[in-house]
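For the record, the sequence lines run as chains A and B.
Position 155, counted from 1, in the first sequence is what our numbering calls 155; the numbers after and before it change by one each time, with no gaps.
Position 141, counted from 1, in the second sequence is what our numbering calls 141; the numbers after and before it change by one each time, with no gaps.
These aren't lab readings, by the way, just hints derived from the structure by calculation.
Given the structure is predicted, the values throughout are model-derived calculations rather than measurements.
Note that CB positions come from ideal geometry on N, CA and C, so glycine has one too.
Among the hints, a few may not be true.
What the hints assert, rightly or not - Which chain A residues face chain B? A few, computed with CB under 10 angstroms, are given here:
#1 Y60
#2 N131
#3 R147
#4 I152
#5 V164
#6 N166
Claimed, not checked - In silico PhoX-like pairs for lysine-lysine, Cα to Cα no more than 25 angstroms straight-line:
#7 A:K63 x A:K189
#8 B:K126 x A:K66
#9 A:K66 x A:K216
#10 B:K126 x A:K143
#11 B:K215 x B:K27
#12 A:K63 x B:K126
#13 B:K94 x B:K278
#14 A:K228 x A:K171
#15 A:K9 x A:K143
#16 A:K66 x B:K27
#17 B:K237 x B:K215
#18 B:K88 x B:K126
#19 B:K42 x A:K86
#20 A:K66 x A:K137
#21 A:K63 x B:K92
#22 B:K88 x A:K63
#23 B:K303 x B:K278
#24 B:K126 x B:K92
#25 B:K94 x B:K42
#26 A:K216 x A:K189
#27 A:K9 x B:K278
#28 A:K228 x A:K86
#29 A:K9 x A:K228
#30 A:K228 x A:K63
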Amino acid sequence: MVPLTFFLKVMMRPTGIVALRALPQSKMRTALRYVPPTTLIGAISYPLHHLSGNRAETVYDRKTVKSTADGIRNLFEWVTIKTIGKPRLYGALLKINKTHRGELQTAVTSFPFAVMYGSGDSTITAVYLVNGEELSKGPYTMKDLERAAWGITRLGSRESVVSVENVETGKAEISEASSAETSYAFPFKGFEVQGRGTLQSVVDWRSGIGDYSSAKRIVMFYPEDTVKVRGELRTATVGGETLVLAP
Amino acid sequence: MFLSVGVRFEANVEALNMVETAGNYSKHRRVPYLVEEDGRLKTVYVPALSGESLAHAYQEHLVREALGLGLPVCDDCRRDEFYKSMNKVHLKKKVNPIPDDPRDIEIAIVRSCVVEDVGGFLYAEKPPVRRSSAFQVSYALPVKSVALFATSEPQLHARHAQMDSSSKKGNASEQMIYYVETGTALYGFTFNLDLDAIGVSAITSEPILDEDEIKTRREAALRALFRMLSSAQFGAKLSRFFPVGGITEVAVAVTEHPFVVTSPIYDDYIARTERRLKVLEGLGENYLFAVATGEKVPEEALKEAMDYLREQGAF
Ligand SMILES: [Zn+2]
């Protein structure tokens, strides 16, 4: 029997800029080129919580402070993205002058972000594989998840506004394979890859979201177009497209 | 309720967002734009306005509208210095001694300042207290189909000084030249406002204020947006480089839960937004979509949205 799991495929158009901090502690100087999974979870967490009137963003659990997005991460087996268009990192040097209580302060800084802006139409497609068992235990339904997907407003900081252009739902087929072709980001671990793409170290969302100072990291391969992957693979087929899952 | 607005505006000879001053040359903010030429990609740089710049302008309008409705605004925000209770020094002006419980810190800040309620804050001490902004704003970027016509050109200016006889150069008129890079483009940006976030705790989800005050604050937040767009008071250097042009189109969507209009940098943004809203209707959600193109002026579309929100009891 082929195991099946619900999926959400969310196609988004950026408004041109995607500002993703590589380190949440630092507002400046570092940026990610591609959207990490933690951002995808955060992006859907906000509209999902909106449906139930939950406005909480931060959970104070004794000494640790976490994002509320942490509470929904178990709803997902896996999340990944496909990026059409080539993001460029760009950050102008800024000289800041300001007077504060009569004193002139000056500083030079830069604020890098990924620019997704060009003659072609850039799109970002996120896929969320839903953990049906966890979903049935909680307050949300599959329909809520679908509405939440339509309600994704931004990826990363508040300037990174996106509009959701299409949401597809269905059942994904999970299987094992020795090779696959994919356009979606996958964990770069023991696989042989043929094709172009970018490696990016991201926080492993499965180990928790919110406190990143000691979070586990994984290296993800973000394909440019489609790549061929060989190895002992676990794959998922979602609406005619293939994802490579974590081993 | 959630409001999302797509705005297109024409700006000729503007200096709305300047960065990278080098000597006597001040440069316009620019972003890369990839174009294909003979099968090869090349990069051209087009003028842009940052979301931070637009957000700052919106919050300045929010200060005025809030004060006009008799709502509280803290001393820092009143001066348009949006430190947002970032540390003990700034927070102490609102509550002294500072409470230990993050919930009490949030309550104190939200009660004493509409700008920090709507625009969010980050108190970066122990314990850290964070409140996301209830409004979101994108960069303003040239509309894609005509972006290659967008320009940024330096304009030469001179400042004169009369030198008197005691100066070394004698009795001659001196001048200092400087350059201001001006941009010209048809821009588009997106603005979202989550009205349900206003006056409600980002820690406990409980209302911090009574319902009447929450409604008045929502009204202030909407009026500030109306004022910002209607007066074209956003961006820098307006005193000498007030852009020639104006708002050409707006598309406003009001939904029950978050929803973002397709960015007006795409030519098909109105049709696409309409189709996407139909899907929400299929999911059982009511909405309003008001568009101002051609005949209708932006104020009329914004007023339609305000009237709808009032009917729905949002304020
Ligand atoms: Zn304030």
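Hint check against the structure, violated hint numbers in rising order:
2, 7, 10, 11, 13, 16, 17, 25, 30
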